[in-house]
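Asks: Given the structure of chain A, go ahead and fit chain B onto it with the hints provided.
Here is what each chain is made of, one letter per residue.
There are 2 protein chains.
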Amino acid sequence: MDEKFVVTPWEVKGEIDYDKLVKEFGTQKLDEKLLKRLEKHTGPLHHLLRRRIFFSHRDLDKFLDEYEKGNRGFLYTGRGPSGSTHLGHLVPWMMTRWLQQKLGLKLYFQMTDDEKYLFKEGLELEQATQYALENALDVIALGFEPEELRILIDTQMAGAMYPEAIKVAKRLTFSTAKAAFGFTNEHNVGEIFYTSMQAVPAFLPSIPAGRPLPCLIPLAIDQDPHFRVARDIIPKLGYPKPCILHARFLPGLQGAGGKMSTSAGDADTQVIFTTDNAKTVKEKVNKYAFSGGKDTVEEHRKAGGDPDVDVAYQYLLFFEEDDAKLKKIHDDYRAGKLLSGEMKAILIETLNRFLGEHQRKREEARKRLHEYLATPDEFRPKGKH
Amino acid sequence: MDEKFVVTPWEVKGEIDYDKLVKEFGTQKLDEKLLKRLEKHTGPLHHLLRRRIFFSHRDLDKFLDEYEKGNRGFLYTGRGPSGSTHLGHLVPWMMTRWLQQKLGLKLYFQMTDDEKYLFKEGLELEQATQYALENALDVIALGFEPEELRILIDTQMAGAMYPEAIKVAKRLTFSTAKAAFGFTNEHNVGEIFYTSMQAVPAFLPSIPAGRPLPCLIPLAIDQDPHFRVARDIIPKLGYPKPCILHARFLPGLQGAGGKMSTSAGDADTQVIFTTDNAKTVKEKVNKYAFSGGKDTVEEHRKAGGDPDVDVAYQYLLFFEEDDAKLKKIHDDYRAGKLLSGEMKAILIETLNRFLGEHQRKREEARKRLHEYLATPDEFRPKGKH
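Protein chains in written order, with this note's numbering: chain A, 1 to 385; chain B, 1 to 385.
Bound-form chain A, shown alone (with noise of 0.2 Å):
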């Protein structure tokens, strides 16, 4: 991998160079004219797609090959709940609810509490299950009812999830694990085991169904190691290879490459959590944002700002739904007609209002929460109990 840029499951820092990333990964980016065929059936395209925030895909034209056919599979993304919910994890959230929504499928949501315990350092697992409980709550606020949403905590599917994770994990040598994750003879034995859990939510639904179910999994692109691994290993237990959709990453506010992320040091100065206020995420954006600005107005009117840099603008091509209404500001911002401050309280306006709604539906999902729990009945083979 580029030296100047790291992308795993676990690590995510640099100026990524996404195209590289595509070429190192051995994905596809999204085309025009698969987009179009896409949009066939889901109507005008989502903003993320629009913007090739969602810019590369693994099989998407096959998933669409069988949908077209009436075969017409599920959804399946995650979580790995290490802490609260913030806007970066949301993107791919966002749109795995549109393609649900527009295509009519089922989406099964992975929290990984057991990698999330087996990863991070001091983490108690008790905590990390309350955190995707927690984490629950931003899902299910993004409008999904319960027969639209499954969401599968590991530890508490672990007795539907175990005995179909031990298939794939017999068929995955250590040596294989290594080179897709970089593990070395110091990680531990849950960590070496932990992706055979990630590759079980791609067929599981298949089951109960009692037919090999196509699956698509949006996601952001760090996770694509997981699944190259399982879509070598799917097949083989009579599955289809599940078709994956990856994510650019939501830059933190301080910018300068990576993903948002409460690892990277004070999270306070780099992450916009779900449940900040509308205080709160005025400071952290008018004090923590790196701006695209000059150093004095006079410059910045003289000169203009650069938008490919400003977090603001940036966050804007996230959370800005209105493609006129954002070319606008790109070019005033351009101009040097619009000013960082004004770039700021734009997508200061643009938050709140998003926060605010997602606040108030993250609070009525507390009530319904466990209506939306999948449990390991759901998943018995069609006719066993």
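Please keep in mind that the hints were generated in silico from the structure rather than gathered at the bench.
Fair warning: this is a prediction, and the values are worked out from it, not measured in the lab.
Be aware that a few hints might be false.
If several chains are the same, the list does not tell them apart, and a pair holds so long as it fits within one copy or across any two.
As the list claims (entries may be wrong) - Listed below are the simulated BS3-like cross-link pairs for lysine-lysine, each with C-alpha atoms no more than 30 Å apart in a straight line:
| no. | residue 1 | residue 2 |
| --- | --- | --- |
| 1 | 102 | 325 |
| 2 | 325 | 367 |
| 3 | 382 | 120 |
| 4 | 337 | 4 |
| 5 | 236 | 294 |
| 6 | 236 | 178 |
Replies: What follows is chain B alone, placed relative to chain A:
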């Protein structure tokens, strides 16, 4: 390890030097003093202890310390269900049943269908689980009531066991697992993880009890490496180190070291299954049991036989409880008064008496099997549902 013999959880071969094994594994031989102390609680010792077929231990003294303080704990043993039960499997179970009765302790019996699936080429998981259910009949047939015996089939208990197994796994590096089990890069990631599952029943009963319970594990010594590893980790989880009692192996019919096992070539020439009928037992013993007798009756009468290598006699050490009767058989054989055919006839009668009764109880067990199968719900923390 000595090149002449190999003892690992997955391979036993060669002429086993048990004294050397005690040294290499770092266990302690059972001595007179400790057995006397045990006898105070159990009454007259079981013949498998009197004859040092159970010959070695880890911390049995500490288990008795707790027992004498009224902190009574539980027993744990298990089986890797890769086929039908044979006499070699029954040995530690008979002893365990005796300890269960005499000490008034509950037995948790693990059926490691996941292990056998992961380690055995060509074995399907569903088949391993089926073997577990069949093998369970042989355990129950030893006379347990459901409140004395809880059978934990790993894949059916994963809901309770996997969340605990990852707590073990987090504290076990590949490096340590490699040293204990001889793993290579070509082992699969399930094999590497698996010992974490085998550790769990050594502390799982403490969870519903709401306090750390002492655990005593009678087993064949090839399983010791699992607990050598687990004993370092379990105290870090707040539970006591499990204590161990080690058994020698019942040899195969053809003798020559190792243990009775279906893996060693043609099973029928090495193994007596618990479901073999009287005729089959007679045929197998007469045809295959290695004899310590001389080539001709005349020579045998003159020089006498060697009971130490005579498989029929060796089996009587395991299955004939009466010390006086056994001594007479031994001495008569040594003196040439008892012929090899007669020795075999004694064994055949002993085994068929034992197996006739066992098979009757085994069929009765079939009706009540479900009463003995543990469920994840039994292991919830007190007061949690």
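Asks: If a hint holds in the structure, say so; if it doesn't, say that too.
Replies: Status of the hints after comparison with the structure:
no., hint, verdict
1, 102 / 325, "within (24 Å within a copy, 82 Å between copies)"
2, 325 / 367, "neither (37 Å within a copy, 73 Å between copies)"
3, 382 / 120, "between (38 Å within a copy, 28 Å between copies)"
4, 337 / 4, "neither (34 Å within a copy, 86 Å between copies)"
5, 236 / 294, "neither (57 Å within a copy, 56 Å between copies)"
6, 236 / 178, "both (21 Å within a copy, 28 Å between copies)"
Going down the numbered hints, you'll see the structure goes against 2, 4 and 5, while the others check out.
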